[in-house]
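2 protein chains.
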Amino acid sequence: MRLRGLSMNLATVREQYTLAQAVDACLAQGITAIAPWRDQVQAAGLKETASIVRANKMRVTGLCRGGMFPAADKAGFKAAIDDNKRAIDEAVTIGADCLVLVVGGLPKESRDLRAAREMVADGVAAILPYARENRMPLAIEPLHPMYAADRACINTLEQALDVCDLLGDGVGVAIDVYHVWWDPKLYAQIARAGASKRILAHHICDWLVPTRDLLLDRGMMGDGVIDLRSIRAAIEKAGYHGVQEVEIFSSENWWKRPGEEVLATCAERFLTTCCLQEQSVTGE
Amino acid sequence: MRLRGLSMNLATVREQYTLAQAVDACLAQGITAIAPWRDQVQAAGLKETASIVRANKMRVTGLCRGGMFPAADKAGFKAAIDDNKRAIDEAVTIGADCLVLVVGGLPKESRDLRAAREMVADGVAAILPYARENRMPLAIEPLHPMYAADRACINTLEQALDVCDLLGDGVGVAIDVYHVWWDPKLYAQIARAGASKRILAHHICDWLVPTRDLLLDRGMMGDGVIDLRSIRAAIEKAGYHGVQEVEIFSSENWWKRPGEEVLATCAERFLTTCCLQEQSVTGE
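Sequence lines, in order, name chains R and V.
Letter 232 of the first sequence, counting from 1, is numbered 231 in my numbering, and no numbers are missing.
Letter 105 of the second sequence, counting from 1, is numbered 104 in my numbering, and no numbers are missing.
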């Protein structure tokens, strides 16, 4: 039953399984929640994905991903808004708990981070009414500062919460330990996020030493230096008792292993390394 | 004359030149300031380095590096303190403007960043009286969060300034654009650093997109996405008009090129990309 606190972000087994195969493989391990990426949903078919989810009583803890707002021109920004509305529709169709936003970095040829950050706030503001109408919470995921240029110019939990405070209801944060573990203000900002009911997701993996690739060398929980249990304790203390979602990009290790081994290892490490004794899972 | 605002951190040409050769090569380009690493000084000999510097009237904008305080046990911490005092002696001998501190990351087997950060504050406090006696300013260099585990657990300018405020006089910060450019609070913290006279050094290079290696893929100024001129303007507005020191670790590009080409490119890019029109250089 404690595995009900675990969700598999399907990026973790993207090289091994289709979405349908991943659902079967998760259930075989006792894992009852997933978070797919849009390309995986598209490959499976949107309606077919919704059917698979329903038929298997899977929980969908998030759809990855909307965002990518900063653009070099108005047409690009408009295209991003339209695409994010489609992502909201897809998230609704598959019954996701939230749409995760990776907000985007600098537009081509730009060095103006401040302008990019304004475009992000404007972009989230532009889709928020549509998200509210459709009761789809938007989860801004602050990404590690090493992705500021090319993936997300929201790089700390504090910064993400500032944007949330600006925009009001219907938007919160996805706290991925990989992106925020280093932050000297992490614990204070987790408390802040909890106090304003902004925590929508908790993603886990580990930071390896050494890290050999900026994007594709994430570690399995327990193999790195992140104090997963302390962070979880802070998140629960802040009032969030939802699932922990494993998201591991690992081109040279986990993506090369049998999917069954990866899922079994995630389940085992979740229980031994991430899960608190007194953990309860809510929001189901 | 505008090249008097430029210093070469000798890591930039470490594969091409000994310290003595680097000084000659710098002077040939009109560059009159350097910042060596301790291994380079050791290879040249400490007294010999001091002679070379004096004979050539070079300015030494910093010695890299002290720090590395967090240790697994008391003996390790004591060894770090002793080593830092030797580094202060060396910095004094070669007439460096400051000793740059790369503070260290997690001790082996530790996941306790908070404890590591306390050891850093304790370590700087332990060497500060000796640094003050010897009139050697200590420059804490906040390192990019991607180095939190293995190199430095001080990862933002705000955090470094908090440590400075705790410790009082004789300690400040080295602002390296590579480490801080992404920070949403950068400009506010530069102003804060200036107001408390904490800016001791300004290091430059660029952030490449994509970045292929966490440590050794820094870019030449102008080749990446850092808004060097805006950051410089903020630093000057904050009251620091000292040199800009080029520090580029680049195993696959600049370390493989002829040293003369590297230095000439640094000088040219400094003038075209980093230097403000109204720049003046003081503190000489």
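Treat the hints with care, since some could be wrong.
It does not matter which identical chain is meant; a pair holds if it fits inside one copy or across any two.
Said to hold, decoys possible - Cross-link-like lysine-lysine pairs, in silico, DSSO-like; alpha carbons within 30 Å at most:
id : residue 1 : residue 2
1  : Lys236    : Lys77
2  : Lys56     : Lys255
3  : Lys107    : Lys73
4  : Lys236    : Lys84
5  : Lys107    : Lys255
6  : Lys236    : Lys107
7  : Lys77     : Lys255
8  : Lys184    : Lys196
9  : Lys73     : Lys184
10 : Lys184    : Lys77
11 : Lys73     : Lys255
12 : Lys184    : Lys236
13 : Lys77     : Lys46
14 : Lys255    : Lys196
15 : Lys56     : Lys73
16 : Lys73     : Lys236
17 : Lys46     : Lys84
18 : Lys107    : Lys77
19 : Lys196    : Lys236
20 : Lys46     : Lys107
21 : Lys107    : Lys56
22 : Lys236    : Lys46
For the record, the hints were derived by calculation from the structure and aren't laboratory data.
Note that this is a predicted model, so its numbers are computed, not measured.
We went through each hint and held it up to the structure:
Proximity of Lys236 to Lys77 under the C-alpha cut-off of 30 Å is found in neither arrangement, the shortest distances being 40 Å within a copy and 37 Å between copies. Within a single copy, Lys56 and Lys255 get their C-alpha atoms as close as 29 Å, which meets the 30 Å cut-off; across copies the closest is 57 Å, which misses it. Taking the closest pair of Cα atoms, Lys107 and Lys73 come within 30 Å of each other only inside a single copy of the chain (14 Å); across copies the shortest separation is 50 Å, beyond that limit. In this assembly of identical chains, the alpha carbons of Lys236 and Lys84 never lie at most 30 Å apart, being 33 Å within a copy and 43 Å across copies at closest.
In this assembly of identical chains, Lys107 and Lys255 lie within 30 Å of each other by CA distance solely across copies; the values are 28 Å between and 33 Å within a copy. Taking CA atoms no more than 30 Å apart as the test, Lys236 paired with Lys107 passes between copies only; the shortest distance there is 29 Å, against 41 Å inside one copy. For the homomeric pair Lys77 and Lys255, neither the shortest alpha-carbon distance inside one copy (38 Å) nor that between copies (44 Å) is at most 30 Å. Within a single copy, Lys184 and Lys196 get their C-alpha atoms as close as 18 Å, and across copies as close as 24 Å, so both meet the 30 Å cut-off.
In this assembly of identical chains, the alpha carbons of Lys73 and Lys184 lie at most 30 Å apart only when taken from different copies (27 Å versus 35 Å within one copy). With identical chains, the CA atoms of Lys184 and Lys77 are at most 30 Å apart between copies only, with a shortest distance of 28 Å across copies and 35 Å within one. In this homomeric assembly, Lys73 and Lys255 never come within 30 Å of each other (Cα to Cα): the closest approach is 41 Å inside a single copy and 42 Å across copies. With identical chains, the CA atoms of Lys184 and Lys236 are at most 30 Å apart both within one copy (16 Å) and between copies (27 Å).
Taking identical chains as interchangeable, the C-alpha atoms of Lys77 and Lys46 lie at most 30 Å apart only when both belong to the same chain, with a minimum of 26 Å there against 64 Å between chains. In this assembly of identical chains, Lys255 and Lys196 lie within 30 Å of each other by CA distance neither inside one copy nor across copies; the values are 38 Å within and 52 Å between. Taking the closest pair of Cα atoms, Lys56 and Lys73 never come within 30 Å of each other, the shortest separation being 42 Å inside a single copy and 54 Å across copies. For a Cα distance limit of 30 Å, the shortest separation of Lys73 from Lys236 qualifies neither inside one copy, at 43 Å, nor across copies, at 33 Å.
In the homo-oligomer, the alpha carbons of Lys46 and Lys84 lie at most 30 Å apart inside one protomer (17 Å), although the nearest pairing across protomers, at 67 Å, exceeds that limit. In this assembly of identical chains, Lys107 and Lys77 lie within 30 Å of each other by CA distance solely inside one copy; the values are 16 Å within and 49 Å between copies. With identical chains, the CA atoms of Lys196 and Lys236 are at most 30 Å apart within one copy only, with a shortest distance of 12 Å there and 39 Å across copies. For the identical chains of this complex, Lys46 and Lys107 are neighbours neither inside a copy (35 Å) nor across copies (50 Å), given an alpha-carbon limit of 30 Å.
Within a single copy, Lys107 and Lys56 get their C-alpha atoms no closer than 43 Å, and across copies no closer than 44 Å, so neither meets the 30 Å cut-off. For a Cα distance limit of 30 Å, the shortest separation of Lys236 from Lys46 qualifies neither inside one copy, at 38 Å, nor across copies, at 58 Å.
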